[in-house]
Amino acid sequence: MKRQPKKKPGEGSKSKTSSGKGIDIGTSFIGCCTRDGRHGSVRFRYERDAFFEIDHGDFTKGMLNKSNVKYIQKGEKLYIIGNEALNFANMFHRDTRRPLRTGIISPREKEALPMVELLIRSVAGKPSSQGEIAYYSIPGAPIDKSFNTVYHEKVLKGFLANLGYLPKPINEGLAVIYSELNGSGFTGMGLSFGGGMVNFCLALMSVPIISFSLTKAGDWIDEQAAEATNETATRVCSVKEAGIDLNNNYAGGIEKALSIYYDYLIEYVVENIKGELEKQERMPTFDKPIPVVLSGGSALPKGFADRFKAILKKHKLPLEIGKVQTASDMMKAVSKGAMVAALGEGAK
Amino acid sequence: MELVARLGDANTLRVSNDLMISTGYANYLCRYLRREGLLETSNGSYHLSRKGAKLIYNEEDDSRPPITRGEIKRIAQEVAQEIKGIIPKGFRTSPSHPGVEDEGIHIKSDYVDPSIFEDAGLESNVTELIKERIDIERGLDETVAQLKNIKRKEGRKK
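Protein chains in written order, with numbering that gives the first Met the number 0: chain R, 0 to 347; chain H, 0 to 157.
Careful: at least some of the hints might be erroneous.
[Stated by the list, open to error] Pairs of lysine-lysine, DSS-like flavour, derived with a Cα cap of 27 Å:
1) R:273 / R:315
2) R:287 / H:152
3) H:50 / R:144
4) R:287 / H:156
5) R:125 / H:130
6) R:60 / H:130
7) H:147 / R:167
8) R:167 / H:152
9) H:53 / R:301
10) R:312 / R:322
11) H:50 / R:156
12) H:130 / R:73
13) R:255 / R:287
14) H:53 / R:125
15) R:153 / H:72
16) R:73 / R:125
17) R:167 / H:156
18) R:273 / R:312
19) R:144 / R:315
20) H:150 / R:156
21) H:53 / R:144
22) R:167 / H:150
23) H:156 / R:65
24) H:130 / R:156
25) H:150 / R:322
26) R:167 / H:72
27) R:255 / R:167
28) R:60 / R:73
29) R:255 / R:313
30) R:287 / H:150
31) H:72 / R:156
[To be verified] One-sided excerpt, in silico: chain H residues whose CB lies under 7 Å from chain R:
32) 14
33) 126
34) 131
35) 132
36) 135
37) 137
38) 139
39) 146
Calculated from the structure, these hints are not laboratory results. Backbone N, C-alpha and C fix where the C-beta goes; we use that ideal spot for every residue, glycine too.
Same shape as in the complex, but just chain R (with noise of 0.2 Å):
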């Protein structure tokens, strides 16, 4: 995949795209995928679904456009988007607030709709024609948290009625599938490693067989990091996100907290995925080894395949595991698979 020279942001929107988008909404970013004209190339724009609120004095708002800094005022209130959000926090030694929590809309958060709808609206913009096909990422049914997720399912589908798309639902591993294994002819198993979930699906031939999510993801880890080193977890988010290598051995600090956590979240998903493929009855035949793929911002720390596939082995499944791979774009793999399933609709 190369990538071709950086537009400025917005510029290049209004050009010919083909019908169908593929939106991520997650606990940590928002993104969106489109096909931008012929040629494979794709337009992918994204933005962290967190936010930081400020004092909104006279200056305020011309000092953060002058600094592109992203805000939202809503009435008194002015509330730093993305990125920069986590900046402030750090400066703050506050934790952001966060629109999404575990997968689904926060309900901690009194702004959370309107935060949300604007994050959407901003990455996936107007359809290119009245009800164009937008496919959605919902997160599979939570196996470890009785809640569940369809109330947060038809407000995003409300929304982007509301802009003018025929939205569609689709799971979050599926779409992970759909980005990635083709190769396979779209059979084997999406793990996708969010912030607020994980989620799991096993396929074959397009067909889910077996979904769902756990709770514990990136915002766990690095609660418990937080909690083990008396750090925020906005700054253990910042340091997980500066790269750590799960490979090294660190001898303390938040690294080695966050290396710990790495390695109890890889047992905990394993052992669930385990827990539920023995509880299948009717189980289909799979003729080759199963293609497991991995994706998402909580997988991409350098050496995280490497203990994800010592702890599977380590936990004998009930099906023969081929090869184990990491998606070509961690951060878009979703999205891209959910805009895959829109194309795959849209032109007849």
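Based on these hints, arrange chain H on the given structure of chain R.
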């Protein structure tokens, strides 16, 4: 407590493994929570006491989304669908006043609460400054065509 709630019951070894703490510390924690009346023990395993369950599940309830609106919407839709099935098409109520003809009953079952779209008043520069990149995805058209093919075959089978 969350771990014990999730597992149903757990011995100190399991608690120490899952929380990645020493068995001595796990033992101390469990005993402390038992002294506080939050856990109970039987056959060497700990489980939530009534007080503990109340604490955990009340907290769970608070952390649920303020879904009264969503739940009401869902229930309203379900009820509307159900009533729709019961009331025959063209059903009319008897006139409430002699000489005044009542209108037939129309049941709307696709209710969307307009108040969820509240962002009209938000001012922002996010759209202009949003991160964007353009990548070349080789094989995208083939991937889409392959998915279409599989779906078409599936459709035929059905």
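Status of each hint after checking the structure:
Restraint check for residue 273 (chain R) and residue 315 (chain R): satisfied, since their Cα atoms lie roughly 8 Å apart, inside the 27 Å limit. Between residue 287 (chain R) and residue 152 (chain H) the alpha-carbon distance is near 21 Å, which keeps this suggested pair within the 27 Å criterion. Only pairs whose Cα atoms come within 27 Å are accepted, and residue 50 (chain H) paired with residue 144 (chain R) is accepted, the gap being roughly 20 Å. At roughly 23 Å between alpha-carbon atoms, residue 287 (chain R) and residue 156 (chain H) fall within 27 Å of each other, so this suggested pair holds.
A threshold of 27 Å between alpha carbons decides the hint, and for residue 125 (chain R) with residue 130 (chain H) the separation of about 17 Å falls inside it, so the pair holds. Using a Cα cut-off of 27 Å, the hinted pair residue 60 (chain R) and residue 130 (chain H) holds, with the two alpha carbons roughly 20 Å apart. Only pairs whose Cα atoms come within 27 Å are accepted, and residue 147 (chain H) paired with residue 167 (chain R) is accepted, the gap being roughly 17 Å. The suggested pairing of residue 167 (chain R) with residue 152 (chain H) holds, with an alpha-carbon distance near 21 Å, which does not exceed 27 Å.
At roughly 42 Å between alpha-carbon atoms, residue 53 (chain H) and residue 301 (chain R) are farther apart than 27 Å, so this suggested pair is violated. For the proposed pair residue 312 (chain R) and residue 322 (chain R), the alpha carbon gap of about 12 Å is at most 27 Å, so the pair holds. In summary, the hint linking residue 50 (chain H) to residue 156 (chain R) is not supported, as the alpha carbons are separated by about 40 Å, beyond the 27 Å threshold. For the hint linking residue 130 (chain H) to residue 73 (chain R), the alpha-carbon distance of about 22 Å falls within 27 Å, and the restraint holds.
Distance hint between residue 255 (chain R) and residue 287 (chain R) is unfulfilled; the C-alpha atoms sit about 38 Å from each other, more than 27 Å. For the hint linking residue 53 (chain H) to residue 125 (chain R), the alpha-carbon distance of about 47 Å lies beyond 27 Å, and the restraint is violated. Between the alpha carbons of residue 153 (chain R) and residue 72 (chain H) the distance comes to roughly 10 Å, so the proposed pair stays at or under 27 Å and holds. Distance hint between residue 73 (chain R) and residue 125 (chain R) is fulfilled; the C-alpha atoms sit about 22 Å from each other, no more than 27 Å.
For a cut-off of 27 Å, the pair hint linking residue 167 (chain R) to residue 156 (chain H) stands: about 23 Å separates their Cα positions. For a cut-off of 27 Å, the pair hint linking residue 273 (chain R) to residue 312 (chain R) stands: about 12 Å separates their Cα positions. Between residue 144 (chain R) and residue 315 (chain R) the CA atoms are separated by roughly 25 Å; this keeps the pair inside 27 Å, and the hint holds. With a CA separation close to 23 Å, the supplied pair residue 150 (chain H) and residue 156 (chain R) stays within the 27 Å bound.
At most 27 Å may separate the alpha-carbon atoms for a hinted pair to count; residue 53 (chain H) and residue 144 (chain R) meet this at roughly 16 Å. Using a Cα cut-off of 27 Å, the hinted pair residue 167 (chain R) and residue 150 (chain H) holds, with the two alpha carbons roughly 16 Å apart. Distance check on the hinted pair: residue 156 (chain H) and residue 65 (chain R) sit about 59 Å apart at the alpha-carbon level, beyond 27 Å; violated. Straight-line distance between C-alpha atoms of residue 130 (chain H) and residue 156 (chain R) comes to about 24 Å, which keeps the hinted pair within the 27 Å bound.
Using a Cα cut-off of 27 Å, the hinted pair residue 150 (chain H) and residue 322 (chain R) holds, with the two alpha carbons roughly 25 Å apart. Of the pairs offered as hints, the one joining residue 167 (chain R) and residue 72 (chain H) holds, with about 19 Å between alpha carbons and a cut-off of 27 Å not exceeded. A hinted pair counts as satisfied when its Cα atoms are at most 27 Å apart, and residue 255 (chain R) with residue 167 (chain R) does not qualify at roughly 41 Å. Proximity of residue 60 (chain R) to residue 73 (chain R) is assessed by CA-CA distance (about 12 Å); at most 27 Å being required, the pair is judged to hold.
This hinted pair checks out: residue 255 (chain R) and residue 313 (chain R) have alpha carbons roughly 22 Å apart, not beyond 27 Å. Restraint check for residue 287 (chain R) and residue 150 (chain H): satisfied, since their Cα atoms lie roughly 21 Å apart, inside the 27 Å limit. A threshold of 27 Å between alpha carbons decides the hint, and for residue 72 (chain H) with residue 156 (chain R) the separation of about 14 Å falls inside it, so the pair holds. Hint status for residue 14 (chain H) relative to chain R: violated, with the closest Cβ pair at about 14 Å, above 7 Å.
Using the Cβ-Cβ criterion of 7 Å, the hint placing residue 126 (chain H) at the interface with chain R is satisfied: the shortest such distance is roughly 4 Å. Given hint, residue 131 (chain H) at the interface with chain R, holds; its Cβ is 5 Å from that chain's nearest Cβ, closer than 7 Å. Hint status for residue 132 (chain H): holds, given a least beta-carbon distance of 5 Å to chain R, under 7 Å. A least Cβ separation of about 5 Å between residue 135 (chain H) and chain R falls short of the 7 Å threshold, and the interface hint therefore holds.
Annotation: interface hint on residue 137 (chain H) holds; nearest CB of chain R at approximately 6 Å, less than 7 Å. Hint status for residue 139 (chain H): holds, given a least beta-carbon distance of 4 Å to chain R, under 7 Å. Contact between residue 146 (chain H) and chain R, as hinted, is supported at the beta carbon level, the nearest pair being about 4 Å apart and thus within 7 Å.
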